[in-house]
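Student: Heads up: the protein sequence lines correspond to chains V and S, in order.
Counting the first sequence from 1 gives a position; the working numbering is that position plus 8.
Counting the second sequence from 1 gives a position; the working numbering is that position plus 26.
Hints are all accurate, no fakes.
Label-pair ranges, simulated between beta-carbon atoms:
1) E55/V / E213/S: 45 to 55 Å
2) G57/S / L153/V: 25 to 35 Å
3) E213/S / I210/V: 52 to 62 Å
4) F158/V / E144/S: 53 to 63 Å
Keep in mind the hints are simulated off the structure, nothing from the lab.
By construction, the Cβ of each residue, glycine as well, lies at the ideal position given by its N, Cα and C atoms.
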Amino acid sequence: MFSESKIELTIFDKLRSINYFLLFLICTIFFIGILALYSISNGNFSEWPIKHLQRFILGLIIFFIVALLDLKIIFRFAYLIFIASIVALMILLIVGDEINGAKRWISFAGFSLQPSEFVKYTLILALAKYFHSMEDYHENFISKLIIPSFIVIIPVAFVVIQPDLGTALVIFLGGVSVIWISGLNYKYFISGILGFIISLPILWQYLKEYQKDRVFTFFNPERDPLGNGYHITQSKIALGSGGIFGKGYMEGTQSHLNFLPEMQTDFIFTMFGEEFGFVGSIILILLYMALIGIAIRMALTSKSLFSKFLSLGVCSVFFIYVFVNIGMVTGLLPVVGVPLPFISYGGSSMLAVMFGFGLLTNCYINYNTTLTKGSFI
Amino acid sequence: MSESNKFIFKKYDANTSINRRTAIITIAKAGLFSILGARLAYLQIVDKDKYEILSDNNRITHRLLEPQRGIIYDLQGKPLAINRQRYEVVIIREETSDYIKSIENLKNILPDVNIDTEKLYSVIKKTKKFIPIKVLDDLSWDQFSRLNANIHKVDGLYPQIGFKRYYTSGQSHSHIIGYTAPLDKKEKDTNTLADLSSAKSGKLGIEKAKDVSLRGKLGNKNVEVNANGREIRELDRYESIQGENIQITIDSDLQDYCYKSLNDQSGCVAVTNIKTGEFYALVSSPSYDPNLFSKSISSEKWNSLTDNIFKPLINKSISSQYPPGSTIKPFVALAALENGVSEKREVYCNGKHEIKDTSRESGIKTFHCWKEEGHGNVNMNEALKVSCDVYFYQISREVGINKIAEVCKRFGFGQNVFDSFYEEKKGIVPSKNWKLESIGTPWMVGETLSAGIGQGYFLTTSAQLSLALAQLINGGEKLNPTIVLDKDKDNQKSQKISLNPKHLAIIKKGLEDATNTQGGTSFRSRITGNLKMAGKTGTSQVRVISSQEREEGLKKNNELPWEKRDHGLFIGYGPINNPQYAVSVIIEHGGSGSGAAAPVASKIFKYLFDHNLNLKSKSVSNV
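With the hints as extra help, turn the sequences into a complete structure.
Tutor: So this is what it looks like as structure tokens:
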């Protein structure tokens, strides 16, 4: 069923092949996250930072497990993993913990997980396997798009009804990025975008009140400065008042006086930008750019299509995380609740991102592995 | 259409296609990151100043500091109105996730206080979540410290310390000192404390008259607050300035004594230093608890005060106007003397005086003397001593109302005694012009006769009577009536009221005889011993007695309902050899001056002779 790889890699070969510069960048960004959380806790290491560190360590374990797995096994079970994650989303709708009117978390054995965070990657797994296994690229059948469409739409639909529009958006764009790389003709993207714009008024009716409010507020934050506009107004004040060099570490008045909402999660970049200023913000963005750049380079070394699609998909999802989060806190995008990877406090997103980079690293280690077209199992 | 457009997917050169598309997507990502960078540059470099100001506005809050009200001292330096710490608890809804739990915990911490939770919850629900709402007021120190020790159990609740006014001297001082209460709507524009939510202002008495001096100046502080408004750090502070302390001329012990002497009768007393014009006592009875208004008063309690026929809320000594009755006679006598009526002139009193009155069937109107059988022949001295009405009917007719009015006004009738009390009334001195202007009909002779015995349109106040007598007895020294000691004010050059000493001597003799010789109207209330008082009684009617009533026999006062009985008045001075004090006493519906008012005045004079107030007084330095 699988083609034989040319050289059977030992575990030490694999460990040696890991891109440690990538890991170094991840650790650097994570360290910035610890600094930021330490500041938010007003110098109390045991409040947020210790848990963040624990999650990172757990994330590293997942990273290594996933990175060292046999790529063929990942390829083989790609659909199953995807289906399992969809099942988790379905279960979530029934037994999920409702927090602030949304069912996003599923808890078992003392853990609280957000399945939607993982779906971002399992979806890419499924798409990568599908496009890798697609029979005849020369056939002009739009029917080839039917399965990928379902792979994207099903998880997006489940996440939308949680409701969690932000994550749904990340999942959707992540899927689209893989379809893009797989080589779908430009005109489908163009007609897709046009179709989306035309159907906006219809989609609008299906939005929840609070989601509509957020969109209104995005276009005019001053409309409700103490309600929905409060987050974005305070965030802009914090960033702007940070200036070029910032107010100094642990000196951010906006964040330390609790003017900033959701500081330790979605708005952590704001706090960082307030305390470290423009210079600090740009350095952080450059670190993310470097990380993504290296990841893309790693992705392109793979020989199999599956590995390429998977790795590039992981890069795209990661990019979307970073861009949507920073765009949101700077007032460029509506507030949709997307965390900043490695820095925001939150277990599921940390583990999911590490899972993603584990997949990427696995592909990188096994760049030479060729895979036959896969069946369903 | 190029070749590539024919295919849905382009597998034919997969790697080239992927590389190209990855390049595009990478460039797009770099472009989007650049947008983020530009956005940050815009926020953090271009618009930095704007956001810095907004950030400071966010964190720095201006809080007002309540000034302490000035303290009011009496003549002896005894504090009458002071400030006490007030312990209260407020709740801020947004600072607790569960305010009902906080209130329940508060109830457990302070089981001995009553909280109307239903009402409170409805207020909390209606109020904006960041506005503090008062939960408890006026806690004891014990309760307050118990709450502070358990503050971690009651999220969103804040113990606060403020000030409340406390009056030390009880009911006898209520009217003259007044009270404070929250600002009225009208005051909100003018009062300098209006921005303070707990601001109060004086509503009556000294508290109102001297409110501007007493209230002090607001302080303020800039504090760093968090988003919930909780104070984190004080940045700077400008202390409030306590209001000026005020010393008043009231002698607290005398005031108390006068109040007790009234013995819960409805009435008032004024005691004046006849040389300085200082008022040592201004008493109104019955009274109310002055500390009643420091808390919100129940409508039940309020109604019982306003509906009370004895009108406990009114300061009768300056706000209630009474016909002076016979207490006006010394001034009428003076008017007569100044118009050439001899002191020796005798009038025969047969109990009544008749004048022509064409409006009546009989063609005459009869004016009666208080003594039905008449006094026989009386001269001025005798007329003052026995208070013969017929004598004064006669001389009033001869002198004329305008002359009487002129003399009365000269001594202070018809004018405010103090310029500072808005609640003061100035009485009425009737004259021909006055009637034409205010009633619109011409003066009639009969009205001169009524005015001559202090009836008819005549109205005065207790303070006015006391001042008028003081200015008469001191030999026409115009007084500057004072209730608040003002150290800065130089003694103004004494003005003289035109008064012939010979005339004064005649009147003084009449008043001395009225009190100290057998047959005088206040003889029964005389003070024996070296220091004596002299004075004039007055009994003023509050109803018109018809001739029919008179024929059926006059009803005695105690047969009438209270509100129809005559007012009893007395004005007096003492000691007679070296007059120091002028006193006026009015007992509402007391029956008669000699029976009701003179005995009270006598007790007050005895007290005054036993305590030399001038020697006792000491000035209070203004802290």
